[in-house]
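Engineer: Note that the protein sequences, when read in sequence, are chains A and B. Take 123 as the starting number for the first sequence in this note's numbering and just add one per residue. Take 25 as the starting number for the second sequence in this note's numbering and just add one per residue.
Just so you know, the hints here were simulated from the structure itself, not pulled from any lab data. A portion of the hints provided could be inaccurate.
[Said to hold, decoys possible] Residues on chain B that point at chain A, a partial pick, calculated with CB under 10 Å:
{"#": "1", "residue": "ALA49"}
{"#": "2", "residue": "PHE51"}
{"#": "3", "residue": "VAL56"}
{"#": "4", "residue": "ALA57"}
{"#": "5", "residue": "GLY79"}
{"#": "6", "residue": "PRO82"}
{"#": "7", "residue": "LEU83"}
{"#": "8", "residue": "TRP174"}
{"#": "9", "residue": "ILE180"}
{"#": "10", "residue": "SER240"}
{"#": "11", "residue": "THR291"}
{"#": "12", "residue": "HIS293"}
[Unchecked claim] Quick look at which bits of chain B chain A covers, simulated, 3 or more residues with Cβ under 8 Å:
{"#": "13", "segment": "113-126"}
{"#": "14", "segment": "160-166"}
{"#": "15", "segment": "265-274"}
{"#": "16", "segment": "296-309"}
A virtual CB, placed ideally from N, CA and C, is assigned to each residue, including glycine.
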Amino acid sequence: MNLVLDFAAPLVFAALGGVLSERAGVVNIGLEGMMRFGAFGAAAGAIASGSPWIGLACGALAGAAAAALHALLSLRFRANQVVSGIALNLVALGLVTYLLQSIFGSAGVSPEAPSLPRDRFGHTALAYAALVVPVLFQLWLSRTPAGLRVRAVGEHPRAAATLGVRVLPLRAVCVVCSGLLAGIGGATLSVGILGQFDARMPAGQGFMALAAVVFGRWTPLGAAGAAFFFAAADALQRHLSLTLHAADLRLDGLFLALPYALTLLVLALGIGRTRAPAADGIPYDPEART
Amino acid sequence: MPDLRARLFRPARDPAWGAAAALLASFAVSFVAMAASGRDPVDGFGHLLSGAFGGPGPLGETALKTSILILTGLSVAVALIVGLFNIGAEGQLIWGALAAAVVGRLEVPGVMLLALLAAALAGGAWGLIAGWLKVRRGVHEVISTILLNWIAIHLIQGWLVPGPLAATGSGAHVSVAGTEAIQRGAWLPRLWPGTRLDLGFPLALLIALGVWFLLSRTRRGFEWRAVGAGPDAALAAGIPAGRRICEGMALSGALAGIGGALLILGTEHRYPGVFRTGYGFDGIAVALVGGGSPAATAIAALVFGALRAGATRLQLVGIHPSFAELTQGLAVLLVAAPRMFQPLLARLRGRDAVPP
Numbered sequence: 123m124n125l126v127l128d129f130a131a132p133l134v135f136a137a138l139g140g141v142l143s144e145r146a147g148v149v150n151i152g153l154e155g156m157m158r159f160g161a162f163g164a165a166a167g168a169i170a171s172g173s174p175w176i177g178l179a180c181g182a183l184a185g186a187a188a189a190a191l192h193a194l195l196s197l198r199f200r201a202n203q204v205v206s207g208i209a210l211n212l213v214a215l216g217l218v219t220y221l222l223q224s225i226f227g228s229a230g231v232s233p234e235a236p237s238l239p240r241d242r243f244g245h246t247a248l249a250y251a252a253l254v255v256p257v258l259f260q261l262w263l264s265r266t267p268a269g270l271r272v273r274a275v276g277e278h279p280r281a282a283a284t285l286g287v288r289v290l291p292l293r294a295v296c297v298v299c300s301g302l303l304a305g306i307g308g309a310t311l312s313v314g315i316l317g318q319f320d321a322r323m324p325a326g327q328g329f330m331a332l333a334a335v336v337f338g339r340w341t342p343l344g345a346a347g348a349a350f351f352f353a354a355a356d357a358l359q360r361h362l363s364l365t366l367h368a369a370d371l372r373l374d375g376l377f378l379a380l381p382y383a384l385t386l387l388v389l390a391l392g393i394g395r396t397r398a399p400a401a402d403g404i405p406y407d408p409e410a411r412t
Numbered sequence: 025m026p027d028l029r030a031r032l033f034r035p036a037r038d039p040a041w042g043a044a045a046a047l048l049a050s051f052a053v054s055f056v057a058m059a060a061s062g063r064d065p066v067d068g069f070g071h072l073l074s075g076a077f078g079g080p081g082p083l084g085e086t087a088l089k090t091s092i093l094i095l096t097g098l099s100v101a102v103a104l105i106v107g108l109f110n111i112g113a114e115g116q117l118i119w120g121a122l123a124a125a126v127v128g129r130l131e132v133p134g135v136m137l138l139a140l141l142a143a144a145l146a147g148g149a150w151g152l153i154a155g156w157l158k159v160r161r162g163v164h165e166v167i168s169t170i171l172l173n174w175i176a177i178h179l180i181q182g183w184l185v186p187g188p189l190a191a192t193g194s195g196a197h198v199s200v201a202g203t204e205a206i207q208r209g210a211w212l213p214r215l216w217p218g219t220r221l222d223l224g225f226p227l228a229l230l231i232a233l234g235v236w237f238l239l240s241r242t243r244r245g246f247e248w249r250a251v252g253a254g255p256d257a258a259l260a261a262g263i264p265a266g267r268r269i270c271e272g273m274a275l276s277g278a279l280a281g282i283g284g285a286l287l288i289l290g291t292e293h294r295y296p297g298v299f300r301t302g303y304g305f306d307g308i309a310v311a312l313v314g315g316g317s318p319a320a321t322a323i324a325a326l327v328f329g330a331l332r333a334g335a336t337r338l339q340l341v342g343i344h345p346s347f348a349e350l351t352q353g354l355a356v357l358l359v360a361a362p363r364m365f366q367p368l369l370a371r372l373r374g375r376d377a378v379p380p
């Protein structure tokens, strides 16, 4: 089950990004695109500089840059947040393949990139960070004044504004940091796990992270827990297909569909408090009268 | 999101101009991108145009892709009309494709119509799940349709097609072969020898006409629009809003399902082992640029269909076909934020300008 930690890390970072953005009241369907930019940016940065750490930083920045576009569109120009996220995903799909082909001359994979060092258990530092960061994030969100402000602009922006919180700038910062985290998640895929960029990345992991956010009820620990659970299902499926010749049984699809089906079931049955932040997805207009 | 359509399109005082401006701007940006990556953009766009409209072959390809995009675009547009954002056209499309591939194998008369019907039912049922979850359980449709997409993709492409429904006797090639071929009688007839233009194109246009009629000339269409404009007001006026939302989502799914059937009955003739269409996601772009009207959706489908068809020709000058996706994404990005154009439009209009 050594695989679980490796599989979970990208999901955990992206899901934490999703939590941050949605708790601040901005729907983030664009996680998939931000991860894609992050994965490509990390590989390109690592190849150009020769250092996987610089690559990681490039990936995080690439994700943040993509998120800045989302923030600009949805906050400054008050575009529909879902549309803006979808547009970002579409642009990421086209632009990254285009860049891959223009820079590296192949639309399939990038050349091999320097990857992050592994310890004797075969894990990168990012895998351990995926264990620690959710706890710190949870404490920050629930125990600090800054965390309270983030939650306030996600639940009731007008009330937060009357108390002197600058809603739109705070939301923008949260969205950009959300992209930073998703970018790190993407970088985990390219310079952490595979050691190169693959044109199919992140292959739906951004959407799975979104499901983890919902499944984890919009809390950092919940989302990270869901990410680990999803990764465990994934690892189990790979394990089974290796040992039981499940490839003959062809049950892979059932296993892969499981996390999504469970999330849908939890939502449909309304188990626990499955409520999004109250102002999630609602544009904030400072000049509107309510 | 009761006032979804209003919120999406309200800021553009002239939606058609906004969409046209967004399309032009996105082409301009990709023109610059092409130049920036060291290619001759004039040559590139020449290849793009000739790949889309230069002769019977390219025209057939454009029509083929346009017909699918009309259906997925209408699918998303119809859901927008009843106030729902259907991200799930892709999942509905592949269920429709699978239903068509399964029913298309039956040796019965009228198998083509049966396959189309089965596809509509399968896609519609998958769409209805999201509608039902929204109305009865309050599950936001954006989340549920994303989840349903991945459930469909993994169930069909990871289990049903390579597993229980795989073609027998294809041995080692099982994973790429897909399902058994459909009956010859289920194939959509080709209309123009030498091209891949088939009955799907007129069928899609006919369906677009039907959707337009339904939405703007019937009582049911009026009630759908009323529910989309404000479910509470509609309910107060005696319209069963929940049921209308479910109907809208079922129709939305059915349209996407028929799109999937056109792919199977027209070109693939089986459910292939590798089937990454992306048409469902492109349908979102088509519907958003089309602004929710069937006619504008058909025109947007033509623009993006031509782009998709023309992009294959770009490979001749060393540009990857993903260029089409880039342009399309930019168009949605620009359509998403009509406010960006307001200062410009205001300046163009001069005195008549309305303050943003």
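Engineer: Taking the hints in turn, state whether each one holds.
Structural biologist: Cross-check of the supplied hints:
no. : hint    : in the structure
1   : ALA49   : 13 Å, violated
2   : PHE51   : 13 Å, violated
3   : VAL56   : 13 Å, violated
4   : ALA57   : 7 Å, holds
5   : GLY79   : 26 Å, violated
6   : PRO82   : 21 Å, violated
7   : LEU83   : 24 Å, violated
8   : TRP174  : 5 Å, holds
9   : ILE180  : 7 Å, holds
10  : SER240  : 24 Å, violated
11  : THR291  : 23 Å, violated
12  : HIS293  : 23 Å, violated
13  : 113-126 : violated (count 0)
14  : 160-166 : holds (count 5)
15  : 265-274 : violated (count 0)
16  : 296-309 : holds (count 3)
Checked against the numbered hints above, the structure breaks hints 1, 2, 3, 5, 6, 7, 10, 11, 12, 13, 15 and satisfies the rest.
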